[in-house]
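J.: Below are the chains, spelled out letter by letter.
Protein chains: 2
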Amino acid sequence: MNQKASPLLIVGSMAFDDLELPTISAKNVVGGSATYSSYAASVFSPVRLVAVVGEDFSSKDLEALARRGVDLAGLERASGKTFRWAGRYDTNLLSRVTLETQLNVFADFRPKLPRSYVDTPYVLLGNMHPGLQIDVLDQVASPKLVIADTMNFWIEGEPDALAAMLKRIHMLVINEEEARQLSGQHNICKAARDILRRGPKSLIVKRGEYGALLFDADSTFFAPAFPIEDVVDPTGAGDTFAGALAGYLARSGDLSSAGLRRAIMAGSAAASFCVEAVGTAKVARLGLPDISGRLELFRSLMEVKHDTSLVTA
Amino acid sequence: MNQKASPLLIVGSMAFDDLELPTISAKNVVGGSATYSSYAASVFSPVRLVAVVGEDFSSKDLEALARRGVDLAGLERASGKTFRWAGRYDTNLLSRVTLETQLNVFADFRPKLPRSYVDTPYVLLGNMHPGLQIDVLDQVASPKLVIADTMNFWIEGEPDALAAMLKRIHMLVINEEEARQLSGQHNICKAARDILRRGPKSLIVKRGEYGALLFDADSTFFAPAFPIEDVVDPTGAGDTFAGALAGYLARSGDLSSAGLRRAIMAGSAAASFCVEAVGTAKVARLGLPDISGRLELFRSLMEVKHDTSLVTA
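In order, the protein sequences belong to chains A and B. If you count by this note's numbering, then the first sequence holds residues 6 to 318, one letter each, in order. If you count by this note's numbering, then the second sequence holds residues 6 to 318, one letter each, in order.
Don't take each hint at face value.
Same chains, same names: a pair is fine if it fits in one copy or spans any two.
[Said to hold, decoys possible] For lysine to aspartate or glutamate, the following EDC-like pairs were computed, each having C-alpha atoms within a straight-line distance of at most 16 Å: (1) Lys195 <-> Asp221; (2) Lys195 <-> Asp235; (3) Lys32 <-> Glu105; (4) Lys310 <-> Glu68.
Rather than coming from a laboratory, the hints here were simulated on the basis of the structure.
Generate the whole structure from the sequences, applying the supplied hints.
T.: Take a look at the structure:
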């Protein structure tokens, strides 16, 4: 671990997922936004986790996180069952339907930071009620960077809390449809400008296999996604992306536009591994050599040797 | 015009389009694949056009092409009416429905090359019956590069002629859904490998606002699309892309992987202008400074200053 890497606070869900994939069905797969994000971030920086699990969550699975440098002081073990989600993907892994959601112990989750987390400089707020995201920020002293995710459920149901949350964060990471819904603008450039007026200094729009766009005050960045031949399970790819992005920034400390671009590439690299196996099987074992190898492939994937002589009259 | 630019043969449709756009309706708009492609290609190289128009096509519109360096020796004026297409776009310009197609003189179109076209080194075959595309190639002496487009109609209805055409071309330029349909593979990497086994040395998969992918034997290139804030009319964007791509290659003569990447960027730049106005209004006036300006913006849109120290253990 790079000695300069700063700690990153990750708050989100931990879950058991039942996944019906085109070729495999898998039950009781350890998942949840905080799990994927923590594994991915731990490649780059120490992680401080705030989440809740039930009595059915095994110590073995927690130890796997701890071995990756994830601080579990903020992990609450509540009486009852862990959050459970069941979903079925279509043949082409393009869309999925939720078959069942049991919030269980997550229903009463009130994130509480241990004293040792208060000074954490980097914060990643996984998708949850925007009021809870604000509660977390009220408990952090003076974060250098706050990144948040959200979803259509809160955009529709909690617009006021969401608006308040947006004023408290530096970066919003959402998918394309959510950006359109939040802004009421279909054109993604217009949607981005609208969202940037609501608080965050930068916006990352995730587009799945089409990559991601970074919008900030000065510039736009068109990030590729790595073309994967054998996508096995897209679950958690977005959380892996956000976790690696946040972890990379906690490691680099470089919040310039160029630094954000590099962080997005690290996020895309991590996400490209995530989808190659069921659940966290690959993300839980990621190392820096994996990331640097895929960044090298990204470089060739994006490389254009410009030649202005050809476009001179 | 660069003295070294080689001539490019373009064969395709010329049409009148009736366009119902979200904010404007426009009738009798000069369109067709060959028209868009010729205007775009003429920015880079001399164009030799083979197409058919009816008696209703004005000399003024033909002169506009001629002034751009488009050779009209291969243009047939047939008795009857010009091909006519009417379509309505949805509010977000994401999809369109065809309201009417009148093939008119295009129904009996049999491309016939003037003797002066026989030695043309670069060939762009617009979307038409694959049998006609082969007929064109039978009339060209020994082209250095043949690029072809096709569509779902021929993939479904003329698989044998299409298979024969694919063996005669160097590069296929189709959209993502067509690549999936032609290959029977949903995953775009697998689809590309399948299509490359059928003949073409390289494949460009157009993804609209998500950019394009270039596949060849050695590498994959992830080309961005320019994020356009005010898309007015997407009609002809794909033909503009292909025309500029082909014209750029006829100008550069560089068919290496690096050369193809630069040509795709030129195609994306031209297409990004096309959608900013109704019909050919912008494409018909494009110049090299427009292209080089947008290529400069593309460079910043794609730029990542890699820093391997951050991903070293």
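J.: Run the structure past the numbered hints and jot down the numbers of the failing ones, going up.
T.: 4
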